[in-house]
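Chemist: In case you want the letters, here they are:
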Amino acid sequence: MTTLELVQIALYLGLLIVCTPLLGGYMARVFGGERTWLTPMLRPAENAIYRLVGVRADEEQSWKQYAWSLVLFNVAGFVLLFVLQVAQHGLPLNPAGLPNVEPLLAFNTATSFVTNTNWQAYGGETTMSYLTQMIGLNVQNFVSAASGVAVVIAMTRGLARRQASAIGSFWVDLVRCVLYVFLPLCLIFALVLVSQGVIQNFNAYTQATTLTGESQLLPQGPAASQIAIKQLGTNGGGFFNVNSAHPFENPTPLTNFLEMLTILLIPAALTYTYGMMVGSKRQGWVIFTAMLALFLIGLVVMLASEYGAMGAMEGKETRFGIANSILWGAATTSASNGSVNAMHSSFSPLAGGIALLNIMLGEVIFGGVGAGLYGMLIFAILTVFIAGLMVGRTPEYLGKKVESWEIKMAILAVLLPSACILLFAALASVTDAGLSSRANAGPHGLSEILYAFASGAGNNGSAFAGLNANTPFYNGLLGIAMWIGRFGVIVPALAIAGSMARKKVAPPSSGTFPTDGGMFVALLMAVIVIVGALTFFPALSLGPIVEQLLLNSGRVF
Amino acid sequence: MLRQLRISIVMLIVLTLVTGVLYPLTVTLAAQVAFPESANGSLVQRGADVVGSALIGQVTYALTEDGDINNLDAIAPYFWGRPSAVNDMLGSSADAPGSSGASNYASTNARLAQLVTQREAAFRAANDVPDTIAIPSEMIYASGSGLDPHISPEAARLQIDRVAAVRGLERTTVVRLVEQYVEAPQWGIFGQPRVNVLLLNLALDQLQ
Numbered sequence: 001m002t003t004l005e006l007v008q009i010a011l012y013l014g015l016l017i018v019c020t021p022l023l024g025g026y027m028a029r030v031f032g033g034e035r036t037w038l039t040p041m042l043r044p045a046e047n048a049i050y051r052l053v054g055v056r057a058d059e060e061q062s063w064k065q066y067a068w069s070l071v072l073f074n075v076a077g078f079v080l081l082f083v084l085q086v087a088q089h090g091l092p093l094n095p096a097g098l099p100n101v102e103p104l105l106a107f108n109t110a111t112s113f114v115t116n117t118n119w120q121a122y123g124g125e126t127t128m129s130y131l132t133q134m135i136g137l138n139v140q141n142f143v144s145a146a147s148g149v150a151v152v153i154a155m156t157r158g159l160a161r162r163q164a165s166a167i168g169s170f171w172v173d174l175v176r177c178v179l180y181v182f183l184p185l186c187l188i189f190a191l192v193l194v195s196q197g198v199i200q201n202f203n204a205y206t207q208a209t210t211l212t213g214e215s216q217l218l219p220q221g222p223a224a225s226q227i228a229i230k231q232l233g234t235n236g237g238g239f240f241n242v243n244s245a246h247p248f249e250n251p252t253p254l255t256n257f258l259e260m261l262t263i264l265l266i267p268a269a270l271t272y273t274y275g276m277m278v279g280s281k282r283q284g285w286v287i288f289t290a291m292l293a294l295f296l297i298g299l300v301v302m303l304a305s306e307y308g309a310m311g312a313m314e315g316k317e318t319r320f321g322i323a324n325s326i327l328w329g330a331a332t333t334s335a336s337n338g339s340v341n342a343m344h345s346s347f348s349p350l351a352g353g354i355a356l357l358n359i360m361l362g363e364v365i366f367g368g369v370g371a372g373l374y375g376m377l378i379f380a381i382l383t384v385f386i387a388g389l390m391v392g393r394t395p396e397y398l399g400k401k402v403e404s405w406e407i408k409m410a411i412l413a414v415l416l417p418s419a420c421i422l423l424f425a426a427l428a429s430v431t432d433a434g435l436s437s438r439a440n441a442g443p444h445g446l447s448e449i450l451y452a453f454a455s456g457a458g459n460n461g462s463a464f465a466g467l468n469a470n471t472p473f474y475n476g477l478l479g480i481a482m483w484i485g486r487f488g489v490i491v492p493a494l495a496i497a498g499s500m501a502r503k504k505v506a507p508p509s510s511g512t513f514p515t516d517g518g519m520f521v522a523l524l525m526a527v528i529v530i531v532g533a534l535t536f537f538p539a540l541s542l543g544p545i546v547e548q549l550l551l552n553s554g555r556v557f
Numbered sequence: 001m002l003r004q005l006r007i008s009i010v011m012l013i014v015l016t017l018v019t020g021v022l023y024p025l026t027v028t029l030a031a032q033v034a035f036p037e038s039a040n041g042s043l044v045q046r047g048a049d050v051v052g053s054a055l056i057g058q059v060t061y062a063l064t065e066d067g068d069i070n071n072l073d074a075i076a077p078y079f080w081g082r083p084s085a086v087n088d089m090l091g092s093s094a095d096a097p098g099s100s101g102a103s104n105y106a107s108t109n110a111r112l113a114q115l116v117t118q119r120e121a122a123f124r125a126a127n128d129v130p131d132t133i134a135i136p137s138e139m140i141y142a143s144g145s146g147l148d149p150h151i152s153p154e155a156a157r158l159q160i161d162r163v164a165a166v167r168g169l170e171r172t173t174v175v176r177l178v179e180q181y182v183e184a185p186q187w188g189i190f191g192q193p194r195v196n197v198l199l200l201n202l203a204l205d206q207l208q
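If you read the sequences in order, they're chains A and B. At position 131 of the first sequence the residue is numbered 131 (the working numbering), and the sequence of numbers has no breaks. At position 82 of the second sequence the residue is numbered 82 (the working numbering), and the sequence of numbers has no breaks.
Keep in mind the hints are simulated off the structure, nothing from the lab. None of the values given here were measured: they were computed from a predicted structure. Among the clues, some could well be false.
20 Å max Cα-Cα, derived SDA-like pairs, lysine to any residue [stated by the list, open to error]: (1) A:K281 <-> A:G25; (2) A:K64 <-> B:Q4; (3) A:K64 <-> B:I13; (4) A:K64 <-> B:R6; (5) A:K281 <-> A:E34; (6) A:K504 <-> A:R393; (7) A:K401 <-> A:L416; (8) A:K281 <-> A:G399; (9) A:K401 <-> A:A506; (10) A:K281 <-> A:I17; (11) A:K401 <-> A:I411; (12) A:K401 <-> A:P508; (13) A:K64 <-> A:F487; (14) A:K64 <-> B:L5; (15) A:K64 <-> B:P136; (16) A:K408 <-> A:V531; (17) A:K64 <-> B:I7; (18) A:K408 <-> A:L534.
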């Protein structure tokens with residue numbers, strides 16, 4: 001590694017830390033309904049939307065109502081996106097004349113965008129019309145991300161409030177997230193991207209004749225506006241097939257840096273928002289520290305592995321080089337973003353294995369917008385429970401007793417995605433339909449399958465993309481994994497929010513385990529790693545670990 | 001429940017208008033006014049003809065089944081970009097538009113090892129590079145997009161002798177041109193030093 005590359009990584013982490021309180025504090029004011037500098041401009045629009053839709057800003061919901069609203073809204077989004085795809089040939093804004101999307105692929109893609117997974121079984125420029133991309137995929141990029149943020153805000157209220165029955169209004173949280181957080185950031189970011197070369201137009205594809213006289217068809221389209229929210233909303237579904245490795249999607253090292261920063265920006269900032277909303281910034285920084293530490297451990301292992309590998313440029317772009325490809329890989333798998341600027345399948349086995357592990361740990365290392373933090377809070381509850389068991393005290397979190405209902409819900413949220421990954425990958429490993437999609441032989445074939453289901457259930461969306469995922473088997477099963485991985489965590493998280501909101505706060509006593517110090521950070525990290533390791537170590541050892549060992553001894557397949 | 005369903009549908013329509021119509025149209029309008037060239041694909045023209053995009057790679061070397069370089073006569077006067085896993089897909093027809101793609105080969109894939117050995121041999125032979133000089137990794141391993149417009153300065157320098165010989169140019173002229181087209185890391189910080197192959201090749205053509 002060169003000094004310059006180390007400087008880039010240091011700059012990245014430094015900016016992330018600096019932005020966290022700035023954006024986090026702003027978001028706390030937004031979701032608290034307080035005045036911000038954008039309020040004069042946006043409040044009229046916000047109120048107009050409430051009037052049109054027929055909700056009141058001060059009408060709050062119980063956790064069940066909140067969950068119902070969220071699920072219904074997401075199902076409606078799914079239906080719209082599905083219909084747009086299967087009918088796109090007859091709809092306008094389709095200059096390339098792309099045909100209707102097959103129903104199973106459309107099911108998979110609609111699920112994938114509604115659940116904030118953004119798995120690409122399709123190739124952007126060869127499958128989706130401009131209309132489908134704009135009012136279908138693009139809209140879900142916004143609202144699925146906003147749904148995630150809404151859930152964590154509701155969960156935070158549940159932890160912060162005392163003897164309350166309501167946890168906020170889904171509709172208000174959704175609208176505020178889109179209007180005050182996503183849109184302003186996206187407008188600025190999209191224009192910066194265009195200034196660097198990301199395309200933004202409605203032209204037909206351009207026919208060029210190359211220097212050697214061959215014809216080359218250059219894709220066009222409204223890419224920048226979609227890429228901005230794709231990164232900021234930890235969506236990750238590319239405008240083009242190869243995602244942010246495509247020069248039109250990520251043309252310069254500067255766009256690469258900014259696209260990487262925006263992967264972790266909101267998930268990191270939400271930890272600060274959380275701290276503000278529960279009345280103790282330390283509680284937020286403690287979570288941030290645990291996330292950052294896990295992120296750095298993974299990053300260092302990945303860098304070490306990749307720089308030790310031969311042929312490290314396979315699947316990477318010259319303008320990014322190895323360090324920026326690995327940094328992106330670590331960020332996108334930690335956050336459930338799933339965009340890529342290099343092909344994870346061609347990473348050295350250990351680097352690819354860490355990417356896979358980042359996803360398997362539950363997408364809580366920063367994680368998806370909102371999703372990462374509510375996942376982390378679930379682990380925090382498990383941590384105080386385990387700490388309580390060790391010393392024989394009733395576990396408490398933020399002064400509230402953690403009881404059997406919360407633990408049941410937390411366990412459900414941890415087990416559902418994990419079970420999905422292992423059971424579905426096992427099914428794929430013993431059926432022809434599952435095995436025939438592999439692109440690489442040997443242990444890497446198993447890694448491809450494991451990665452696919454981890455990515456689906458973890459709502460990540462990146463892939464060991466050799467695997468041919470556009471088959472009925474994978475389109476169907478991965479779609480199911482995404483639904484379970486998304487709502488199998490959201491509903492328990494809201495259930496915890498609802499029951500915690502009702503509780504009283506007891507003043508801390510000498511027996512209270514403090515959750516705002518280094519000991520808690522260490523325990524929280526240990527719980528995440530132990531749960532992940534116990535669940536996935538056998539599978540990982542048959543995939544990336546054995547592959548790295550075989551590679552070291554010179555075996556190829 | 002019914003009320004929530006109705007709210008869901010109206011909310012979806014409203015937010016679709018805001019984020020799916022208003023937002024991309026605003027960005028498009030602003031982009032077309034402020035940065036028309038980059039918003040439309042950074043197209044490179046020679047006269048009235050579009051020869052490509054400054055961001056999309058084009059002249060590269062691909063191997064035949066036997067490991068020979070495909071179409072060597074046509075590409076010999078130019079600097080070559082990186083191998084592309086979708087070489088054959090590049091703008092072959094309107095049904096398969098300049099599609100992007102990568103090999104996704106694992107490091108333990110035997111086919112990758114074989115391809116790289118063949119590419120290295122072919123590149124050494126065509127450019128007369130002795131075994132004592134290492135070939136930069138990106139020149140023999142395929143890119144992530146299949147459309148990588150750049151190579152490292154070292155990879156460009158290795159091709160200078162061939163290009164100068166085929167074109168009958170002074171070596172020093174070509175050396176000067178290559179060095180002129182070496183881009184430093186952006187703002188001195190971001191990314192890697194690199195050479196844009198299409199822009200270099202266009203400048204080469206303009207020399208004559």
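Chemist: Below or equal to 20 Å on CA atoms is what counts here, so check A:K401 against A:I411.
Modeler: Holds, because 17 Å separates the two Cα atoms, which is no more than 20 Å.
Chemist: Against the 20 Å threshold, does the CA-CA distance of A:K64 and A:F487 hold or violate the hint?
Modeler: 13 Å, holds
Chemist: Has the given pair, A:K64 with B:L5, been kept, meaning a C-alpha gap of at most 20 Å?
Modeler: Cα-Cα ~14 Å, so holds.
Chemist: Are the Cα atoms of A:K401 and A:P508 separated by 20 Å or less?
Modeler: 11 Å, holds
Chemist: Assess, step by step, whether the Cα of A:K401 is no farther than 20 Å from the Cα of A:L416, and give holds or violated.
Modeler: 24 Å, violated
Chemist: For A:K64 and B:P136, compute the direct alpha-carbon distance and say whether it is at most 20 Å.
Modeler: 59 Å, violated
Chemist: With a cut-off of 20 Å on the C-alpha distance, tell me whether A:K408 and A:L534 pass.
Modeler: OK: A:K408 and A:L534 at ~19 Å, within 20 Å.
Chemist: Under the criterion that the straight-line Cα-Cα distance not exceed 20 Å, is the pair A:K281, A:E34 satisfied?
Modeler: Distance of about 18 Å is within 20 Å: holds.
Chemist: Does the alpha-carbon distance linking A:K408 and A:V531 stay inside the 20 Å limit?
Modeler: 16 Å, holds
Chemist: Do the alpha carbons of A:K64 and B:I7 lie within 20 Å of each other, as the hint requires?
Modeler: Measuring from Cα to Cα gives roughly 16 Å; hence the hint holds.
Chemist: Holds or violated: A:K504 with A:R393, Cα cutoff 20 Å?
Modeler: Satisfied, since the Cα-Cα distance of roughly 17 Å is no more than 20 Å.
Chemist: If you draw a straight line from the CA of A:K281 to the CA of A:I17, is it 20 Å or shorter?
Modeler: 14 Å, holds
In this structure, the hints that do not hold are numbers 3, 7 and 15, in rising order.
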